[in-house]
Each structure stands twice: as C-alpha cells, then as structure tokens.
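Asks: Given chain A, work out where chains B, C, D, E and F should sit, using these hints.
Chains as they are written, first to last, in our numbering: chain A, 35 to 270; chain B, 35 to 270; chain C, 35 to 270; chain D, 35 to 270; chain E, 35 to 270; chain F, 35 to 270.
Don't take every hint at face value.
Covered by chain A, according to a simulated footprint, are these stretches of chain F (three or more residues, beta-carbon under 8 angstroms) [what the hints assert, rightly or not]:
no., segment
1, 133-146
2, 205-215
3, 224-232
4, 239-250
5, 254-267
EDC-like mimics (lysine to aspartate or glutamate), calculated; alpha carbons at most 16 angstroms apart, straight line [claimed, not checked]:
no., chain 1, residue 1, chain 2, residue 2
6, D, K73, D, D47
7, A, K97, A, D72
8, B, K256, C, D124
9, E, K227, D, D124
10, B, K60, B, E249
11, E, K187, E, E205
12, F, K256, A, E101
13, C, K269, D, D72
14, F, K153, E, E65
15, E, K152, A, E228
16, A, K256, F, E228
17, E, K54, E, D72
18, C, K153, E, E205
19, A, K153, C, E204
20, F, K269, E, D47
21, A, K36, A, E101
22, F, K73, F, D104
23, B, K269, A, D72
24, F, K60, A, D72
Calculated from the model, a selection of chain B residues having no Cβ within reach of chain D, i.e. all distances over 12 angstroms [to be verified]:
no., residue
25, I59
26, K60
27, A100
28, N143
29, K144
30, K153
31, K166
32, Y169
33, E176
34, T182
35, E183
36, P188
37, D189
38, E209
39, E223
40, K224
Rather than coming from a laboratory, the hints here were simulated on the basis of the structure.
Just so you know, even glycine gets a beta-carbon here, dropped at the ideal spot from N, CA and C.
Number of protein chains: 6
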Amino acid sequence: MKIMVINPNSSADMTNHIRKALEGIKRSETELTVTCPDKGPVAIESAYDETLAAFYCMDLVKKANAENYDAVVIACFADPGLVAMKEISDILVVGIQEVSMHVASMLGNKFSILTPIKKRIPSKNNDVWRNKLPYNLASVRELGMTVTETDEKPDLAQRRIMEVARKAVEEDGAEVIILGCAGMVGYAEKAAKELNIVVIDPTSVAFKYVEAMVEAGIKQSKRALYAHPSEKEYKT
Amino acid sequence: MKIMVINPNSSADMTNHIRKALEGIKRSETELTVTCPDKGPVAIESAYDETLAAFYCMDLVKKANAENYDAVVIACFADPGLVAMKEISDILVVGIQEVSMHVASMLGNKFSILTPIKKRIPSKNNDVWRNKLPYNLASVRELGMTVTETDEKPDLAQRRIMEVARKAVEEDGAEVIILGCAGMVGYAEKAAKELNIVVIDPTSVAFKYVEAMVEAGIKQSKRALYAHPSEKEYKT
Amino acid sequence: MKIMVINPNSSADMTNHIRKALEGIKRSETELTVTCPDKGPVAIESAYDETLAAFYCMDLVKKANAENYDAVVIACFADPGLVAMKEISDILVVGIQEVSMHVASMLGNKFSILTPIKKRIPSKNNDVWRNKLPYNLASVRELGMTVTETDEKPDLAQRRIMEVARKAVEEDGAEVIILGCAGMVGYAEKAAKELNIVVIDPTSVAFKYVEAMVEAGIKQSKRALYAHPSEKEYKT
Amino acid sequence: MKIMVINPNSSADMTNHIRKALEGIKRSETELTVTCPDKGPVAIESAYDETLAAFYCMDLVKKANAENYDAVVIACFADPGLVAMKEISDILVVGIQEVSMHVASMLGNKFSILTPIKKRIPSKNNDVWRNKLPYNLASVRELGMTVTETDEKPDLAQRRIMEVARKAVEEDGAEVIILGCAGMVGYAEKAAKELNIVVIDPTSVAFKYVEAMVEAGIKQSKRALYAHPSEKEYKT
Amino acid sequence: MKIMVINPNSSADMTNHIRKALEGIKRSETELTVTCPDKGPVAIESAYDETLAAFYCMDLVKKANAENYDAVVIACFADPGLVAMKEISDILVVGIQEVSMHVASMLGNKFSILTPIKKRIPSKNNDVWRNKLPYNLASVRELGMTVTETDEKPDLAQRRIMEVARKAVEEDGAEVIILGCAGMVGYAEKAAKELNIVVIDPTSVAFKYVEAMVEAGIKQSKRALYAHPSEKEYKT
Amino acid sequence: MKIMVINPNSSADMTNHIRKALEGIKRSETELTVTCPDKGPVAIESAYDETLAAFYCMDLVKKANAENYDAVVIACFADPGLVAMKEISDILVVGIQEVSMHVASMLGNKFSILTPIKKRIPSKNNDVWRNKLPYNLASVRELGMTVTETDEKPDLAQRRIMEVARKAVEEDGAEVIILGCAGMVGYAEKAAKELNIVVIDPTSVAFKYVEAMVEAGIKQSKRALYAHPSEKEYKT
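With the rest of the complex left out, here is chain A:
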C-alpha cells in the first residue's frame, strides 16, 4: 500500500522529523512518502497560515490521486483544507486532528490538548467543536513555545509537555493527552509512563489508523459533503 503524508508546514526540517518517526512505525510493506508544499508558511499558527497552507497542499493531494496512492494523511494539528481534500480525492484522506480526537474519545473520560502558544487556545477549542466532540474535551493548555521552538528545543519541549500534561490531569480531569502539533512528535512515550495516562502523538496514531482503514477498504463517502466539486471555470 502507498501512503502519502503531507506536512502542510513548508519546513523541510519538520518534514524530515515526521518521516523519521513514521518510518520507525510503518508496516514493512507500506510504501511511505512524506512531503510538504514548497510554498506557504514554515509553521502554521493562525487561520491565515492555514488558509495559505491549504491552498498550497491541493496540488499534492491531486498528485497522490494521480499517482495511485491509497491514502493521504494531513500532518498538521489543524487539519487545514481537509474537507476540500476529501472532496477532490477518490482515495482516503484523513487529518491527524480528526483521528486523534476520535481515538482519544474512546480511551478515557476526556482528553486535553497541548497547543504551542496561548493565543491559539480558542482556535483549538473551535477545532474540537468542528469535529462535533465538545463533550469529550477536558481542556486546551499551551506549552508557551512556538511550533518552531518545539521542533528545535527537544529537551525544553519534553519538560514543558510533562509539566502541562500533569496540570491537565490534576486540574482538568484529563485522562488522555493529545500532543496538538506535528512538531511534538516523539514526546508521547515518556509523558505517558510518568503520568500513568495515555498520550497520543496524532501523526503516529493517524498513520497506523490509515494503514488499517486502507486494508479494510474504507474511504470517505462521495455522496454529498465530500462529493467532487462541480465542473466550472476557475480563473487563473
């Protein structure tokens, strides 16, 4: 099976990180491509960034369809452009945010999301709402680090993740923690062990989920919400 993982952040470094993490967990027979658009924000931290990133990812999604991939994974914890990507695809498209939230909902009472910076908290709250899972959210808490910093300062990131996850557990009643940024890949295990909770690395979990769903023959319904866009003129 061929899976394309698209990092909507136009950062080669972060894309390499993701590739490395996924190569360590993919099934041996899975052909994995991890890529990113060559335009757009190097780190997605606003709806404006999401708008640009979504635009620049569209061609990659079309390419995955044209080159007989079996599925596409969007590896940014905002699922930018996800509905549009499902529309233009005949192959399965999943976002790491939607998968990790749904999986988390089955693993404990409520989940908390760790997000890089404080001003993004309402945005993550709204993402939970968009996924229609408001009753499964314990809290959104910030690390106080930018996306780039979580990628560049691994020791600090690991320590902050431990501190903030502990607060989510003790003060908000979280039983599951979602590392809400593709830049936090790789920090889940240590936090889970020390805090006796489940910590979800969305990219890894979504990737394994997709391998299974491809085997099960599952794709998005093309009936209405994700139907192909009508033919029309696009001015260029």
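Replies: Same frame as chain A, but now just chains B, C, D, E and F:
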C-alpha cells in the same frame, strides 16, 4: 465611512449585481466599493472552491486595511476565509452568513436556509454548526439550481424560491427564510409578502449591519482568536 | 425614523442617563424617545422585578405601535417581557440583551457578562441559555454593586468594571465583555482600551443595530412564535 | 398539609374542572384550595397572556405564603411567572409543566406534547428548551382547538387527543404523551389504554408530586436563582 | 401499596440502614420491603461492580412483579441495570439517581454531586449525561472516603459532606447538593441547614416520589425502550 | 499479535460466521481467537439480554488478560459491559459500536444505523448519545427482522439492507450506513456499490482498527474512568 464588499466569486456579473443592490440601500454618505478577486472559481459551490476563493481574497482584505476602509463585508454565503480575514484586519470584517444567521435567530423561532444545489445541504448544516447556532435551524432546502443559474434565470429563481420557502414554512416550521447564496440577492421582498414571513437577503442585511457597527465603533476582538498572525517566513 | 427606547426600570434618573448616551450616538435624522413606565421597580434585580416591569411596559409598547414609531428597544439587560412585546407589535422590537449577545458572538471566541450582584449570576447564565448561545459564554462575573449603585457611583463602577473584566479575560478566556446592565452605560470605552478587548455597551449597540434594521426593512416574523395574541376576554 | 393550586387562567369554569379532578385524587388528609386570579386572560394562549397572568397571580402566591400553605402548584402548561413565584416564596412552588416534563423523561424514550393551537408549537418547543430537556422531546403537535374549546367540547377533545397522540407515537417515536394544557385534564386514561403508552395529565401528576415532596421536606433552594428579591422601591 | 426497595450492594448492614431511614418517612399504609441480593459486591464502586450487581438484582425485580408489589426502587446512586429492570417489569421501577437528578433540576440553578472516591468522578459525570441533564450539573466532588467508610464512620462522613458541599456551593455555584451514594443516607438535614441550600438524600426523595407516582397510576411506558424482551433461548 | 474477539451472543453459529469473516481479512501474522460465552442469550435484543451477556463475558475478558492477548474486541452492536471490561483489562478493549460510530463520523456528514427490529430504535438512539456523538446521527431504521433471522436468511437480509439503506440516504440524508448488528456481517459491499455510499460492517472495521492500535501501542487510560475496580468482597 468607506466599506469594501468582497464577492469571493470571481464573476464580474455577480459582482455587478451585488453592487447595484447595495447602491440602492446604502446610506448616502457611505463610500461603497464592491469588488471580487480576479482569480479563483467564478461560482463557489464546494469546500475546494472556498479554499481557492479564500486564498485569492486575502490581498483584497489587506488592501482594504491599507487604504483606510472602515470595514469589509465578505459576500458569499459560506464566509470563506472569514477567520483568517478577521485575523489580518484591524478594521471590522463580517461575513454575510454569520450576520444573517444571528439576525434571523432574533426574528422568529427557527430559520430555514435555501441553498442552490442538493449536495450542498450537509455543508450548510455544518455552517450553522460552525456558527454555534444549531438550535435555531429549521432546515436547509435546495432550489435545484446552480449558483450561476440563480444569477442568470431570475424568473425561475424567484418561482423556485417561493415554492421551496413555502415548504420550509409548512413542513419544517420555519418562520424566517435565509436566501443562502449571494446570487439570490433581490428576491426577498416578494417571497416575504406572499408567505407572511421574514425573508433575509444576507448581503443587504449584513451591509446595513456593518454601517451601524462602524458607527458604533465595534470591531472584532484582537485578543486571541482573531489576533494578528505571528511574524514568520512564508515561502513563495 | 422614530425609535422608542423603553427603560423598564421606573427610574427617571437612569432613563435620563440612557437618553443622554443615545442622543450622543443617534443618527441626526433619527427621532428618539427614551421613556420608562411610571410604575414598577426602580431597579430590576430579580425575576419578580422582571414580571412587574414587563407588565407595566406593555402599554408603552402599544403606544409605540399606535403612534407610528418604527421600532422599540427594551433597555434592560434581562429583556423582560420581550416575547410578549414582539407578539403585540407590528413594528420591530429588540431587547438589548439579545442583540448584544448575538453581536458579541461574532467578535471573538467567547464573551463574559458583568452583572451587578452575585446572586444574579445563575439568572444571567439562564438568559444566555434562553438566547440559545450557551457555547459562546466564557463566564458571568459580578461587580458586587447594586443596579442603583452602578448608576450613582460612576468612579467605583468604572474601577470595578476594569478589575472584573480583567479577571474574565485572564481566567475565563473572554475576548469580549458585555456590560450586563443598562446602568453601566458609558463605561465601555476605557475598559476596552486598557484591556485590548471589545467591551459592549448593550444599549448603544442595540440602538445602532435597530437604526440599521429599520432601514433594511427587517422586523420579527409574525408567523407563529411572535404571532398576535388571539382575541379573547381579559378580566380587569 | 395545605396545598394551593393556582389556575393562572381567570376562568371560574376551568378552575372548577381542575378542583374536581384534584379532589378525586388528593390524599384524604390534604387540604386543597384551587383558585384563580380575578383579573387577566380567561385563557392563556400567548406570551402576552402569560405576562398578564403572571402579574395577577403574584398576590395569590403571597397569600399562600402568608396563610401557612405548604406548597403552591401553578396549573397552566406554560408555568407563567414560575421563577418569580419561587423567588418570593419560602414554601415549595412547582409548575405543572416542569414536573410533567421531568417525570415524562423517566418513563420512556421521548415524550410528545399536545398543544391546543398550531401557532403555539414553537412556544412549547421553547418551553422544553427552557427546562433544559431538549433531548427528551419527540414532538409538539396541535389539537386544532382553542383552550376554551378543549374545556367546552369534551367529546371532540377526547377524539382529537386520541388521533394526535397516535400520530406522535407512530410518526415521531413518542412513548409518553403530555396533555399540554390544564384544559385537557381528565382525558389521559382512555388514550393511554388504547395506545399502550403513558399519557400524563400534568395537573394531576404535579399535584401528587407536590404531596410527596412536602412530606419529604423538599423546597426550592433560596441560595441564588430563587433568592428573595432585594428590598427596593416599587412605584405604584 | 407495596414497595420493594432493592439495595444492589450485597451488604446487610447498609440495607438495614436504608430500611431504618425509609421506615421513618414512609406513609403508614405503605408496606415496605427493603432487601438486597445475596451475591455480588458488598459495595458498588466501579462499572464492573455495577455489572455484577445488576445481574444479581434481576431475580429480585422478577419477584417483586410476581408478588404483586406496586413499585420497585433501586437504591444505589448508579442505577445499575435500571433499563433492563424497567423492561422486565409491569410495575413502576425507578432508580434513586434518575429521580434525584430530575428533582434537583427543579429546585435551583445547578446541582453538585458528592461521590465517595475521586476516581469515580468521570463516572458520575457520565451518569448525568446518560440522564440527559448535562446543563444542570455544577460539579461532581469526592469525599475521599469509600462507600463502606461512609457507612461505618458517620461523624467523619458528616464532616466531610459539610466541607465538600460548601466548596461546591462557593466555587462551583451549586444550589442543590445530591448525596451521591446510598451510604450517605441520613446526613442531608444538617448540611442543608448550615449551608442554606437544598441537600437531597436520593433514597428518601425517590421513595416518597414513588409513593406518589403509584397513587397517580404512573408507570414506565412499555412501548419501545422499556418493552418486554422478546422470547428466546437463554443458555444456562 | 493475539486478538480475542468475543461474541456476547451465546450462539455458536453466529460466532462461526464472525470467525469466518475475520479470518478473511486479518493480517497473516495476527493470531485470532473468536469465541462466545456458553451461557446467556443466544441473541441480544434488549437491555435485559445485554445485562446477562455482559455478566457472562467477564470471565472471557479475564482469560484474555491472563493468556497474554494483546486486545479484546466485543462483537455486538450494543457494546454490552464495555466500560466494565475496560476497567478490568490491562490490554486494549474496544467495542464494535464505539469504533464504527467514530470511524463513520469521519467519512461523511451523518450516519444512519440499521437495527434488526423496530422497538430497538430508541435504544440505538441512546447508544449514539452514550458515545457522545448525537450530532453525527442521521437516523436509526429497522430491518424488520430479528437478529437470528438476519443470520439465517441471508438473501432476505441483503435485500432489506438495500431497501432500508436507500431510504436512509434519500429521506434522512445519510452518507454512511452502519450495519448495526454483528449478524449483518458480510452484507456491506453490495450495498455500498449500488448506493454510492459507505457501508460499515462494524466487526470488520473494529477488528482492523484494533490491529493498528495494538501496533501503535494504544490502550485505554487507566487513570480514572477505566481504573481497576478497588479490592473488595464479592459474595458468591
């Protein structure tokens, strides 16, 4: 006061229609600019179209900020890119969808939305959800006409609007009808009279709303959700 | 256009305050009447007070209809008797609470309400529920001052508003503050500037909103919820 | 124990009906007073009617408190003025609507409400919302008879109740029917038997409920929502 | 009238406590049986315990039906097996949890639940959700005592109830407290007096509720959700 | 990896069906055990049946833990005893209902559930509620066949599934169909093709999901909701 109305559909015809309608209702002292991007879909009928349209509208929003406009109105009943636009603006930005849904919620028990084509019904349902007004929705019903057709065949559009609105009233309990497409501008009055209900033309209502809010000094909060995007590298 | 603003509190002082504030922001061509019933509570601070105030306001609403006003604004942040008033009116009737909550919902992630005294917090929570906007509320916080005190001690009121609004922003995640009492008119601007948020003075915002809606020809639907009461015997 | 049942409709006939029904089911030691205000609408069929009725009932509630009643029951399926009554009472006050909706929620999957006339359907929907039980409602259906007619034409009323209840069961999935008007007292039994469902006569059920709660020493909390109104000037 | 109260905890001591409490409040003509299964957990503190207790209670419910009881009360604040019991019964079956939550919802703004141990908090939150009353919950707080301890150490239990209830009132806005364990029977009165709130002892309130409903002829609907299980083979 | 699939229905025939279906889709290296309790209902069609089945499955779950299985799948579209099973397990436990509902939520706008018999419709509605996914449900529709019949009459079952799924799509707006009974295993493919929608066979999808989650190291959190039951006396 200077207001820029952006039609995210790249259709000069539809933009002219909107301009004409708004010139007839604007306050005399309001300076009105109605414009559209020169790239992107001529008619927005999918999330894919919205993604492209949102991208191409960003420069117009920046222009409105740079040229001392007082407010921007996004004239497409999907509010494409609205959150991003509020982020990058120091001036008030409103979408015709958000305003018409909130106004409708105060005018009767529940509202119904008329949408051009059937496969867009779940999308409009989700738009109501995104606006956090699920308890005010009676139904979404389709005209069975494309966006372009509603603009080009006014007699048929008027007749279909009457028929479908009547069903929404009688079968779904709607007391307010929202004409859910900028292409339906101009059809509200006749339907309202004949059916003894309120029919909202979102573009007109949102425009008058914006005139008032500018006078009242009201803008979106720049605190968190609509805070300016952080400085960063955007690859181009 | 002729607009009647009814202060349901039977206090001439507070009514004068409101008149003064609105005369400063009304459009020059708007004919403004600000009035209050001559019976009932001087300050509305309970459902019991609301019941009495609603009763005594009915004649004023009928008068506005009889004397060709274009709209009525109910200037008490409890919207007492609002549904009944919409029923008996052929002209637009709006409450300052409903308008300010809906407007606030479009300006930021979540709003907080400042209410005079602590024991009214659950009541304001229920008002948000009644307006079907529970997902837009950050918190309700009390000033610790009675309605009359907020009117009589402007310096203390301004200071308390600043303190409490800051807590709502920092502890509850509010991005918009609603001054939840007609007695707090005039304190919005300073708080907004200092806290970098939006502060809504419900009376002013609702008044400007009504001017716009009258121009747009918008009224409540008379179809069912706000249909005229059936003819019948009223014992007197 | 002494219980005062207040019919907010100022109709002696309907009040007599209610008295008769309750005398047949009250416990022998219960002292029962069934009364109605001598002013206000003879039949409550709008928010306007509710506003007037609520006002005129206040003195009766005060009287019940002054004369050492143990509880008050408001016998109108709109619970007019209920929050205010709970505020001014040290004794238990219940509305027949709140009790019947909560009891119905425990007896089957979802309940339907029969209401006299069509235009009141949205109002009853909103009453369910106000009671925070939206997930327990199957539907609201109208008899097509006024409140007065349900009282005056018992045969027609019984027949219509059967017909409409059957539709609620078969088309809306109702398992419990609430007779949503004090005028429908006495019709429950036959409908229940024939349709193999539960039919709730709100006045009877609420009355028995109150007898039990008085014995259990249960009253509304006076902590905040139902706290006594603050002392103040009431202009008269 | 004959009422069977089933304590699903297989503890003779706790069952005796409940019997004693109910004998003090039952109507003189009520024939009361308080019993418990002779198998299963002595204290129900997990879903696993509930599963076992539910299984072992089924025969008691069948016995109540066979021996012409008028109603069954399940006296455990988890309502274990309640839906199944309503299915297999032609007589009224109520759980103390469902009744106390619904009654509490009518007595104040929001209720808080006191639960024995901390790890059960999410479970009680889910119980509120299952009863479809999420909007009436202020909080769930733990005593920090096991079920058995609340039964064995009455002084400590009373003191902890006071402390925790006070926090629920002051920090969470509770106006009604539900003693969320049958082992807490008897502590309500003192807490209510000192804190000026309503404290509900679920077993007592549910018992009085059932006496009234039996007199009113109210039972669960046998239409669908609580229909008798179909005939079939049960392997044994 | 070793996975135990437990069919809570005590039917060897149905268990064989499930085994056959899963052997056709399991990964070659997966060791699969499909089993059922030797006591309890042969077909689960009521809460009473679920209560018995849950009880008799507990030993199988303990066995899976003792014999070093990696995960347990509960193969009944009611997830009987699921919370208890998660509590007593250190290995991953999933129910086919929870997984299929969450997966379906990502594949289209709304899903419909096909259930064997009409009187179970409210029960399936409540299951969706319990999984906190009420906003993703289009409808529950019945086949009009018992669980046993769906297993014994494959041609009729296939035809009914097609008919009912078509209604769900056309009348209720479903884009995804869940075959809501383990007895419907094997009918998904044909319906999906003909109706151009997604049809989920819960057992297959949940099984593939579990293979992936075991590889990803994902288990339920043992923090609170699914914590091990406290030690105590169980009378036997």
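Asks: For this structure, which hints from the list above don't hold up?
Replies: 8, 11, 12, 14, 15, 17, 22, 24, 28, 29, 32 and 38
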